[in-house]
Amino acid sequence: TQNTVAGLVELGRKIMVVGCDPKAASTRLLLGGLSQKSVLDTLREEGEDVELEDIRKGGYGGTWRVESGGPEPGVGCAGRGVITAINFCEEEGDLHRRSRLRFLRRSQRRGLRRLR
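Sequential numbering from 1 applies to the sequence shown in UniProt numbering.
Among the clues, some could well be false.
[Stated by the list, open to error] Once the Cα atoms are required to be at most 25 Å apart in a straight line, the calculated PhoX-like pairs of lysine-lysine come out as:
hint, residue 1, residue 2
1, K14, K37
2, K37, K57
3, K14, K57
These are computed hints drawn from the structure, not numbers from a lab.
Given the sequences, and given the hints that come with them, work out the whole structure.
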């Protein structure tokens, strides 16, 4: 994923990566190897009074990264973190109507594939 993002940045695209890995590994390389606190962890620790800058971090080539995180072990499903992260960014004005969203998923056989 990080190599695809880096390539798109080199083509002049504005990219925001919403990671859905509970260990926050999907955005780590874009931050130079450092990890980032997830949206769900931030909301659990700080409550509802969270600003966009608290969860969105700048990275390689002007990319933005948000780590969704996951629910506490044994509670809920991992999809909840992704939904929470995207909804938070929409509410804070980070996703605009003119934004084109592309959802990518990893496939072991063919690398990254675009979801429709």
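Hint check results:
With a CA separation close to 22 Å, the supplied pair K14 and K37 stays within the 25 Å bound. Between K37 and K57, the direct Cα distance comes to roughly 10 Å. Compliance with the 25 Å bound is thereby established for this hinted pair. Of the supplied pair hints, the one linking K14 and K57 holds, its CA atoms being roughly 14 Å apart against a limit of 25 Å.
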